[in-house]
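There are 2 protein chains.
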Amino acid sequence: MADSSRIYTAALIVIGDEILSGRTHDKNIAQVATWLGVQGIRLAEVRVVADVTAAIVEAVNTLRARNDYLFTTGGIGPTHDDITVDAVSEAFGVDVIVHPEARAILEGYYETRGGLTDARLRMARVPEGAELIPNRYTGAPGIRFDNVFLMAGVPQITAGMLDALSGTLEGGAPLLSETIGCWVHESEIAELLRETEKTHPNCQIGSYPFWREGKTGANFVIRSVDAEDLAACSRALMAGLEAIDRPAFPGGI
Amino acid sequence: MADSSRIYTAALIVIGDEILSGRTHDKNIAQVATWLGVQGIRLAEVRVVADVTAAIVEAVNTLRARNDYLFTTGGIGPTHDDITVDAVSEAFGVDVIVHPEARAILEGYYETRGGLTDARLRMARVPEGAELIPNRYTGAPGIRFDNVFLMAGVPQITAGMLDALSGTLEGGAPLLSETIGCWVHESEIAELLRETEKTHPNCQIGSYPFWREGKTGANFVIRSVDAEDLAACSRALMAGLEAIDRPAFPGGI
Chain F
1 MADSSRIYTA ALIVIGDEIL SGRTHDKNIA QVATWLGVQG IRLAEVRVVA
51 DVTAAIVEAV NTLRARNDYL FTTGGIGPTH DDITVDAVSE AFGVDVIVHP
101 EARAILEGYY ETRGGLTDAR LRMARVPEGA ELIPNRYTGA PGIRFDNVFL
151 MAGVPQITAG MLDALSGTLE GGAPLLSETI GCWVHESEIA ELLRETEKTH
201 PNCQIGSYPF WREGKTGANF VIRSVDAEDL AACSRALMAG LEAIDRPAFP
251 GGI
Chain R
1001 MADSSRIYTA ALIVIGDEIL SGRTHDKNIA QVATWLGVQG IRLAEVRVVA
1051 DVTAAIVEAV NTLRARNDYL FTTGGIGPTH DDITVDAVSE AFGVDVIVHP
1101 EARAILEGYY ETRGGLTDAR LRMARVPEGA ELIPNRYTGA PGIRFDNVFL
1151 MAGVPQITAG MLDALSGTLE GGAPLLSETI GCWVHESEIA ELLRETEKTH
1201 PNCQIGSYPF WREGKTGANF VIRSVDAEDL AACSRALMAG LEAIDRPAFP
1251 GGI
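Chains F and R, in that order, give the protein sequences. Per our numbering, the first sequence starts with residue 1, numbered consecutively. Per our numbering, the second sequence starts with residue 1001, numbered consecutively.
Hint data in this document are derived by calculation from the structure and do not stem from the laboratory. Each residue gets a CB set at the ideal place from its N, CA and C atoms; glycine is no exception. Each hint should be verified, as a subset may be incorrect.
Quick list of in silico lysine-lysine cross-link-like pairs, DSS-like style, CA-CA up to 30 Å [claimed, not checked]: (1) R:LYS1027 <-> R:LYS1215; (2) R:LYS1215 <-> R:LYS1198; (3) F:LYS215 <-> F:LYS198; (4) F:LYS27 <-> F:LYS215; (5) F:LYS215 <-> R:LYS1027; (6) F:LYS27 <-> R:LYS1215; (7) R:LYS1215 <-> F:LYS198.
Taking CB as the label site, the calculated pair distances span [as the list claims (entries may be wrong)]: (8) F:GLY115 <-> R:GLY1214: 18 to 28 Å; (9) R:ARG1066 <-> F:ARG113: 37 to 47 Å; (10) F:ASN61 <-> R:GLU1242: 39 to 49 Å; (11) R:ALA1164 <-> F:PRO100: 49 to 59 Å; (12) F:VAL38 <-> R:ARG1066: 32 to 42 Å; (13) F:GLY115 <-> R:ASP1146: 49 to 59 Å.
Work out the full structure, taking the sequences as your base and the hints as a guide.
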């Protein structure tokens, strides 16, 4: 059962040269972050690393030790640049084996698609002792080993794997948030933000400026695990904005 | 003058709770990565960290030591959650001062916009000894200290700061790339990719599968600092795909 007073954290490692070259825009950070929030788990840190074993091993060992959970995306496909399973096995000091159930899943999936070749069989390799995470799209499963979850790099497939994990991980009280938008330079109300946060110690306020339609505005996101504190802090901030003739837009702009 | 035989690397730290909460989709990783590529500098690693001083200090000190350049985005605005300057100063063990030129820029910018308040003056704070990076949009400059470049979090402003830095950083030979697309399951041609890469040791081949229009395909990105090697490797891969009746699309699908 979830312990609502404890904060559960997770880290994410995005593995792939395609993100570091700028060729592919990452979509997994926001997707994993949002999903974790619903599970009552906070994404505490993210690293994007190259397809280089030593870089993955370093990140895995640092991040799994200081977070409740570690997720990785990318590098579990059939090609030579897919080295996540090998790197995670090395990080834990365990062997890579072919998982019998993963092999059976892939045999079934490829039965009508040209058969299970050596390259495809790579997708059944796991750190010895790992469990599988179902993939309803392409057969090749995700992998859970200890507190580490190896997910696909293709965002749609990652989404399916996250669905399969929903509700299975212990989390704490979800971090609640309210957003208030305002057509204001954030520098005009910096003192108001600071004071409002100080008088509501269970809340954090983030300030996110933007330009739209040639105008400057900002959204203020108030976060708390306590719904009443959150509501009180939001009311205080709205009152503060209105007191200086700056209409506040609940829900953000 | 650039030493074309040496590989120059950079790291990026994306600072901000809004990315880790999933609220904001990061756009700076791809933007900085692409810009660095043009400068002949490789983005070697990225970390996304929370608005927490200790987390920023740890990332700054690790990444600046093992890369030629370190970029940060976010946390240099006027509000209480903007702590990047303080954290970078702490990482280097130097004081935070108000930069006279930054102060003058902000005085000019805010002359007709309500004046330079204490909150706005925060944006003139720099690690002692730092230089400024021009910001043609909102006055508040970016900051260069040693091999660390502090940029805005708002992507349009970051873009302007990158423009201002274009051509000023020493880099090596740019990493060239060619993309070849093919309607093929990457698992079908994993062996071809592995062999082609092995016989072209100056090239790396990345394989990026996708689904579109209900069909499976992949783009193969060949990278090299040598244009001739790159062309030879691309030709070999295209010939290999056509030998198994899989038409190759130069430029990708």
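* Asked: Given a hinted range of 39 to 49 Å, is it respected by the beta-carbon distance of F:ASN61 and R:GLU1242?
  -> Cβ of F:ASN61 to Cβ of R:GLU1242: about 44 Å, so the range 39 to 49 Å holds.
* Asked: Would you say the C-beta atoms of R:ALA1164 and F:PRO100 sit inside 49 to 59 Å of each other?
  -> holds, 58 Å
* Asked: Taken at face value, is the distance from the CA of R:LYS1215 to the CA of F:LYS27 at most 30 Å?
  -> holds, 21 Å
* To do: Could you grab the alpha-carbon distance between R:LYS1215 and F:LYS198 and see if it respects the 30 Å cut-off?
  => violated, 55 Å
* Asked: Is F:LYS215 close enough to R:LYS1027, meaning Cα to Cα at most 30 Å?
  -> holds, 21 Å
* Asked: Is F:LYS215 close enough to F:LYS198, meaning Cα to Cα at most 30 Å?
  -> At roughly 29 Å apart (the allowed maximum being 30 Å), F:LYS198 and F:LYS215 satisfy the hint.
* Is the hinted pair R:LYS1027 and R:LYS1215 satisfied, with a Cα-Cα distance of at most 30 Å? -> holds, 28 Å
* Look at the Cβ atoms of F:GLY115 and R:GLY1214 and judge whether their distance stays inside 18 to 28 Å. => holds, 22 Å
* To do: Starting from the range 37 to 47 Å, see whether the pair R:ARG1066 and F:ARG113 falls in it by beta-carbon distance.
  => Distance hint for R:ARG1066, F:ARG113 holds at roughly 44 Å.
* Asked: Quick one: are F:GLY115 and R:ASP1146 within 49 to 59 Å, going by C-beta?
  -> Given a distance of about 57 Å, which is inside 49 to 59 Å, the answer is holds.
* Would the pair F:LYS27 and F:LYS215 pass a check requiring their Cα atoms to be no farther apart than 30 Å? -> holds, 28 Å
* Asked: CB of F:VAL38 to CB of R:ARG1066, is that within 32 to 42 Å?
  -> Given about 36 Å between the Cβ atoms, the range holds.
Consistency with the previously given hints fails for number 7 only.
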